[in-house]
Amino acid sequence: MAKRRVMFTFPPDLIKEPIIYNLGLKFKVVPNIRRADVSENKGWVVLELEGEEHEIEKGIAWVVGKGVRVDPVVGDIMEG
Amino acid sequence: MEPLNLCDFCFSPLEAVYDYKAMSRGVSKEKIASGPLSMWRYRGLLPVDGDVVDIGTGLTPLVKADNLGSELGLDQLYIKNDCLNPTHSFKDRVVSVAITKAREFGFSTVACASTGNLAASVAAHAAKAHLKSYVFIPSDIEQGKMISTAIYNPTLVAVKGSYDDVNRLCSRLVEKYNWGFININLRPYYAEGSKTLAYEVAEQLGWRAPDCVVAPAASGLLFTRIWKGLEELSMLRLTGPVNTHMYLAQAAGSSPIVNAFEAGTLHVHPVKPDTIAKSIAIGNPADGYYALRVARESGGAACAVSDEEIIEGMKLLAQTEGIFAETAGGVVIGVLKKLAASGAIKKGDLTVAAITASGLKTQEAVADVVRPFVVQPTVESFEEVLGKNVQV
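Listed in order, the protein sequences are those of chains A and B.
The working numbering numbers the first residue of the first sequence as 1 and each following residue consecutively.
The working numbering numbers the first residue of the second sequence as 1 and each following residue consecutively.
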């Protein structure tokens, strides 16, 4: 089983959607939330995804397709 | 100590912490002054144990910028010129510490992802330390930047894709390979190298903290560590109390921290960068939250300038002080100009502007300055073409 640490950033129109719940339902991925800050206009969640590598990949692609920004939890790695 | 950058529980970034009481027994102004003429004179304030990897970084000039100060209405303006580090940027400070730690941890390979300054510095330090290095660059990077990295003979990997793709690739590689990834698993140590810029400024000012600092922010790490460095010196009683106002500078085309500052929030919302200041074009800054706190708690601010103002800033610095900075330097001078004009920085404030890298790497940004007079090799032609422009 693989683990991936990621940060989801939600646009205002997706804040009320149960995207993380559905991620767990649709794919064989266990989301484990570690930190989050969600308000009316914006929200971010730092979480660990556990599952087979290809299931995590498919799950992340689905989340991105919904309009959520997915980043490595360490922020941007590429520097000047 | 371990090569770890995140807390296992909440995934927040980890930071090096010190026993300052113990540290104070081994650090003094005299001991520092008798140390090497490099950033390693502050070794007692850095998280290293063994031999250091030093290519001659630091103790860069702190120049009294009277010409620029006169233009901006500032009487006590100084430029910290980090263009004069061995690979021409402040990155040598952070990489020197990170590679030292990589060797201590027993890594035989180090890696980074960069658009230029970090790449060259990692490759140079790895060469000095006899370590293998993998440097990931975007495939469309300028030839000059590739050469200034490739000369040190790293394994240069050009990645086809967006910056986000490179970020994702590297976050996967660090899980798979036992490498010292400079700004991932070595990041807590890498970060500490930035403090030496603050130490030097304080020592060069006669052991005092400036009234104001203007520094560029990409990830926000340099900005937070300048503050940490000044605070540490005060805590160790090497300087008096710190009343420095910290001003953070970003390009308007990549200003997630400035956006959050202006919105009055501590949440830094990621952006898609679109600016000529590529060396500080980070859309999702890892230390954005902490940089915001420093700007607020120090009574400073966060400001952004347009690409046009960046170029103006580069030219102004070059044409008043003879310092050719890269685009990030243009950002700093552009923001400094705004802060002076608005009265946020006052005429008598002892102000330090951090110029973090040389313009030789981003010459294309100001290529329009090249407008030579073309003459035949005769006095007649010279006087005919230049006409009244000739001053006797």
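No wet-lab data here; the hints were simulated from the structure.
It is possible that some hints are incorrect.
Below, computed lysine-lysine pairings styled on DSSO-like, alpha-carbon distance capped at 30 Å [said to hold, decoys possible]: (1) K58/A x K160/B; (2) K128/B x K228/B; (3) K42/A x K347/B; (4) K176/B x K3/A; (5) K26/A x K228/B; (6) K66/A x K160/B; (7) K3/A x K160/B; (8) K16/A x K272/B.
Cβ-to-Cβ under 7 Å is the rule here; a few derived chain A residues that face chain B [what the hints assert, rightly or not]: (9) T9; (10) L25; (11) K28.
Here are a few chain B residues that sit away from chain A, every Cβ distance over 12 Å (derived from the structure) [unchecked claim]: (12) R25; (13) I55; (14) T115; (15) A150; (16) D165; (17) F181; (18) E326.
Heads up, the beta-carbon is just placed ideally off N, CA and C, and yes, glycines get one too.
Evaluation of the provided hints:
1. K58/A x K160/B: OK: K58/A and K160/B at ~21 Å, within 30 Å.
2. K128/B x K228/B: Roughly 29 Å between the alpha carbons, so the hint for K128/B and K228/B holds.
3. K42/A x K347/B: violated (40 Å)
4. K176/B x K3/A: Roughly 11 Å between the alpha carbons, so the hint for K176/B and K3/A holds.
5. K26/A x K228/B: violated (46 Å)
6. K66/A x K160/B: Status holds; Cα separation ~25 Å.
7. K3/A x K160/B: holds (25 Å)
8. K16/A x K272/B: Holds: K16/A and K272/B sit about 24 Å apart, inside 30 Å.
9. T9: holds (6 Å)
10. L25: This hint is violated: L25/A lies away from chain B, its Cβ roughly 24 Å from the closest one there, beyond 7 Å.
11. K28: violated (19 Å)
12. R25: holds (35 Å)
13. I55: holds (19 Å)
14. T115: violated (5 Å)
15. A150: Since the minimum Cβ distance to chain A is about 17 Å, A150/B lies beyond 12 Å and the statement holds.
16. D165: violated (10 Å)
17. F181: violated (8 Å)
18. E326: violated (9 Å)
Checked against the numbered hints given earlier, this structure breaks hints 3, 5, 10, 11, 14, 16, 17, 18; the rest are met.
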